[in-house]
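Taking the hints into account, I'd like the entire structure generated from these sequences.
Number of protein chains: 2
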Amino acid sequence: MNKHRAVDFSKVNITGGFWADRMRINENVTLDSVRKRFEETGRFDAFKFDWKEGDPNRPHIFYDSDIAKWMESAAYVLRHKEDKELEEYIDNIVDLIEKNMGEDGYFNVCFTVLRPGERFTIRSDHELYCAGHLFEAAVAYYEATGKDKFLKLMCRYADYIEKVFVIDDSATFVTPGHPEIELALVKLYRCTGEKRYLELSRFFVDQRGNNEKDKDKECHQPAGKYQQDHLPLREQKTAEGHSVRACYMYSGMADIAYECGDETLFDTARELFRNITERRMYITGGVGSTHCGEAFTIDYDLPNETAYAETCAAISLAMFARRMSLLEVDSRYADAAELVMYNGFLSGVSLDGKSFFYENPLSIDLFRRKVNKEANKNEHLPITQRLEVFDCSCCPPNVTRFIESIGDYVYSTSDDTVYVQQFMKSTSKIEVGGKEIELIQETDYPVNGAVKISVKNSKDIKIAVRVPGWCKKYEMNAVNAKECCCENGYVVFECGENAQIDIEFDMEPTVVTANPLVRENAGRAAVMRGPVVYCAEGVDNKEVFALSLSHNLNAEVKDSELFKIPTLSVDGFSTSSDSCKANKLYSNEYQEPAKTKIQLIPYFGFANRGESDMQVWMNLK
Amino acid sequence: MNKHRAVDFSKVNITGGFWADRMRINENVTLDSVRKRFEETGRFDAFKFDWKEGDPNRPHIFYDSDIAKWMESAAYVLRHKEDKELEEYIDNIVDLIEKNMGEDGYFNVCFTVLRPGERFTIRSDHELYCAGHLFEAAVAYYEATGKDKFLKLMCRYADYIEKVFVIDDSATFVTPGHPEIELALVKLYRCTGEKRYLELSRFFVDQRGNNEKDKDKECHQPAGKYQQDHLPLREQKTAEGHSVRACYMYSGMADIAYECGDETLFDTARELFRNITERRMYITGGVGSTHCGEAFTIDYDLPNETAYAETCAAISLAMFARRMSLLEVDSRYADAAELVMYNGFLSGVSLDGKSFFYENPLSIDLFRRKVNKEANKNEHLPITQRLEVFDCSCCPPNVTRFIESIGDYVYSTSDDTVYVQQFMKSTSKIEVGGKEIELIQETDYPVNGAVKISVKNSKDIKIAVRVPGWCKKYEMNAVNAKECCCENGYVVFECGENAQIDIEFDMEPTVVTANPLVRENAGRAAVMRGPVVYCAEGVDNKEVFALSLSHNLNAEVKDSELFKIPTLSVDGFSTSSDSCKANKLYSNEYQEPAKTKIQLIPYFGFANRGESDMQVWMNLK
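These protein sequence lines are chains A and B, in that order.
To convert, count from 1 in the first sequence and add 1; that's this note's numbering.
To convert, count from 1 in the second sequence and add 1; that's this note's numbering.
If you're looking for bench data, these hints aren't it; they were derived computationally from the structure.
Glycine included, each C-beta is placed from N, C-alpha and C at the ideal position.
Any given hint might turn out to be false.
What the hints assert, rightly or not - Derived pair list, reagent style DSBU-like, types lysine-lysine, alpha-carbon separation capped at 35 Å: (1) B/Lys371 with A/Lys378; (2) B/Lys543 with B/Lys378; (3) B/Lys374 with A/Lys374; (4) B/Lys483 with A/Lys585; (5) A/Lys622 with B/Lys474; (6) A/Lys622 with B/Lys374; (7) B/Lys559 with B/Lys426; (8) A/Lys371 with B/Lys622; (9) A/Lys565 with A/Lys622; (10) A/Lys4 with A/Lys430; (11) B/Lys85 with B/Lys150; (12) B/Lys474 with B/Lys565.
What the hints assert, rightly or not - Covered stretches of chain B, as calculated for chain A (at least 3 residues, CB under 8 Å): (13) 279-286; (14) 289-298; (15) 372-378; (16) 509-520; (17) 538-548; (18) 588-601.
In structure tokens:
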């Protein structure tokens, strides 16, 4: 373990470029849109605790978490932008929480209004998950506004949970069915300094898969895999079960490893991270390949059309990756986070910021859906157009909080070094080597690969620049700084005063192949340019499924106002049905496939121009 | 319509080669094996009509048809081979039928023993289907032995059905849920000369999809498609619903068109045949691409891994094709029958003749089965090894009767011409042009493409030799005969005395591509040699799913004692996982796939050497 310090997004002012644009949409459109959908569906009203049988919008066990994630997102906006109206809106919710919290500190809509007798008896019903999200929201709101009412309420709730689960041991279960509270308690500890919250988190981590009391409280998958319960956490070697639960759990583990210097937890988290990224992750950073249990399956099982790859799961992998990057110097963590950011997470929200995918498939075959319908096959296939709200609407407010805190991913520090993890146009003030330095990134990344890093007050500190895993060729030229070494994927510079590093990452589009053990992609390839995965859509290409890529892409890169990241036109082949003799189903007259240009768009932008066939992986000639 | 006469298998003595071998196994192994399995499962005992609640092997609605198809098969054996024991076995069953037939002529195990009150009230419960198979068996047994007891019993049953369905109109439905009786009644008519049976068959054909009484008796699929009920038969343009029901129905239609000279029925049957063979048929001749309703789906929906392609459905397509070949001169009918014979039907039975596939997939991915199991996906996937008997065991006795009557497919005649439809080592005596000629085929087809046809007493008759659709190059040299014309896929010779035609069909293995609208096969190819489709199995090839074919096959053809048809070794490429950097899930370092030899076996022989991955369609480089 080689601990780094996190640099949180409040230190990183994103001043332009791709993410500034996405944050603008997030703040101006998405946050409000999600709030309105949540209002319409009674989620906010539920906090009044006055729902009665017969009323519409029966409160659901997830409702607290939906509202909490929205509040957390709003708090992140308030961190850098004054908005009295928004603040008042949150204060009103906090007042409702205060009003409706139990004498003992308990707070949960569903289990107070609908099922008061069942408090902490149904392990799989998300009580502690909801609590965790409320804790995260409370910390975020305190850090944004300095107002501590919400935080104090949540401390009371955490105290009550400690009493029930540790002191009295009076719940029917020991660890939550849906992890989340573990990482949230660490946040609460870091914010308040109260060690008991760290200890409570550690208790949940230690007890998981270890306690007889939980054994008969399993659901869905055998042997507890569904909720990461099949083994004591420290003995788990492969990522199993519900993928969001898994990565929230692993994030909590990484937090405990960090705070407690727990080497075995760190080793386990490392092994799990490798299992995911080397065996169970889509090229987009999506994880959880089946809708059955929204779960990880087995190594190399990564079907494209039925990919589940939940938006929340991609986010949770980025969260896990970021925590791991604070535990050892290894650029693979930031590589994974970057893959998620520009692909498997970002596809979860429409370009206009209004609608969402829960599932993020790597192929859409409208024909297959037609067959499914007409032949009554009842096959589970992902939807083809984004929706504004879901019954289980965990993803939308997860998107809003992730985008708003994207600055979290840019830097980390060791005693004398700033690690540049991600490239975004930004200015940052960071404590390192006992002083505050100012870092300015000038870049249009990932529109192109040029990044200029200027550092004020840089004397005697080091700047370690990550070389992305996708990058085959780069140049770095330093002024007032000297390259001194390479360290696990980072080029390290010793700086003098006012150091400047000019970087050029070669962003030539390339074909990417998968390990042939991924059977669906054997003989196929995808196209990436920089960290961005591309796809072919029917709206741009005739007969998407008749296309083959040439391994010499000969790509033309075109600016795109719509996607903000270039589209590509690449060399390929088409065995279009035009070339087929009329009505011939099979032919033994071999025909050379016709050369064609394949139009590719960034994967995250698919399904923004109507319903369309789509493919990421294409045959490779 | 240009009617031909059928030449039935009793006229065609198969004297050696591939089919003689399969018939030997059928007679020596399969027939007995199916009988034993049917005995063990109480199917024969059911004919004693003494089953009581609590006994094992509760009679099923299909049991009569299972026994009937077995009896029909056994009768076909008796046609050319004396076997007193076998004859006695059948006579005993006939005695049971006589004993247990109702006073009124009704015979059905299930509806007499278990559900006497429900006679002819449940349209989908196979009563008339069972009757049809019994009629076929009775005709076959009469023709084999001259004994008419069984035939007379079945005439009584047919008379009773006419009374119930036509004269009294007393059943709750008008046409059967599972077609079959239509074609069987035509057989009964041809055998007895009793026109009422033809009229009864025509009644069922005319009423189908036309009668209000049937409207609310539909099952499974909406609008009656499942049982070819959605429209009056003459208005149907596409093959719909349960594929065996469909092709039995179309066979019955073709029979009625033939016997009644019904041009609109002929046109409809022709259009349906084209829809199947040009849009909805696997390269193997398999049909019915989904297990949901064992049905046809929509044009070009031909998934490989989940192909249903029931063995019975392939047989029923051959039956339909043979009937169509008697209605017009077009080699495509015999092409389809040949495809079925050597591929999608033949895969239904093991090489040793003991076990059967119900479903005949074109790909077996053991990994997908592992995922299905471990991730609790509950996806329907075909079994990977043949079984000796099924609960619904329609296929095994359909296999035995089809093989035993394969000679039906070899010839047809017009007034002065013998059409050579299939190529099999055989001697035949055929009436044509007012005299009997003798035709001798000397050939190892399809081991190679050489066929020598000698005709005795051939003066003034014509021989029309089919040029198979798969054949790109051939030579025909005639002695005492002269090529006079080509007619819809046949080369026609005017013969003198003792004509002889030496044929050499070029059997160079070729890649075959599918219409790109078959999305699963876009960019892929299969290999055929002559009428035989090939596949790659894991037992011969490392990582079957990492293989790509070269379009220059450069094939080495090797004799095979096991398959009796050569295996192939062809040029291809492999993106084997060996070539992958350890633990690399994705790579942007393009690697030329390694050249390799791909070992191919005849498709019908797959899964005869243990459980294995298998692919027919492979990527094409």
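Each hint tested on the structure:
{"no.": "1", "hint": "B/Lys371 with A/Lys378", "verdict": "holds, 22 Å"}
{"no.": "2", "hint": "B/Lys543 with B/Lys378", "verdict": "holds, 27 Å"}
{"no.": "3", "hint": "B/Lys374 with A/Lys374", "verdict": "holds, 25 Å"}
{"no.": "4", "hint": "B/Lys483 with A/Lys585", "verdict": "holds, 32 Å"}
{"no.": "5", "hint": "A/Lys622 with B/Lys474", "verdict": "holds, 29 Å"}
{"no.": "6", "hint": "A/Lys622 with B/Lys374", "verdict": "holds, 34 Å"}
{"no.": "7", "hint": "B/Lys559 with B/Lys426", "verdict": "holds, 21 Å"}
{"no.": "8", "hint": "A/Lys371 with B/Lys622", "verdict": "holds, 30 Å"}
{"no.": "9", "hint": "A/Lys565 with A/Lys622", "verdict": "holds, 30 Å"}
{"no.": "10", "hint": "A/Lys4 with A/Lys430", "verdict": "holds, 20 Å"}
{"no.": "11", "hint": "B/Lys85 with B/Lys150", "verdict": "holds, 17 Å"}
{"no.": "12", "hint": "B/Lys474 with B/Lys565", "verdict": "holds, 24 Å"}
{"no.": "13", "hint": "279-286", "verdict": "holds (count 4)"}
{"no.": "14", "hint": "289-298", "verdict": "holds (count 5)"}
{"no.": "15", "hint": "372-378", "verdict": "holds (count 5)"}
{"no.": "16", "hint": "509-520", "verdict": "holds (count 10)"}
{"no.": "17", "hint": "538-548", "verdict": "holds (count 3)"}
{"no.": "18", "hint": "588-601", "verdict": "holds (count 6)"}
Hint compliance for this structure: no hint is broken.
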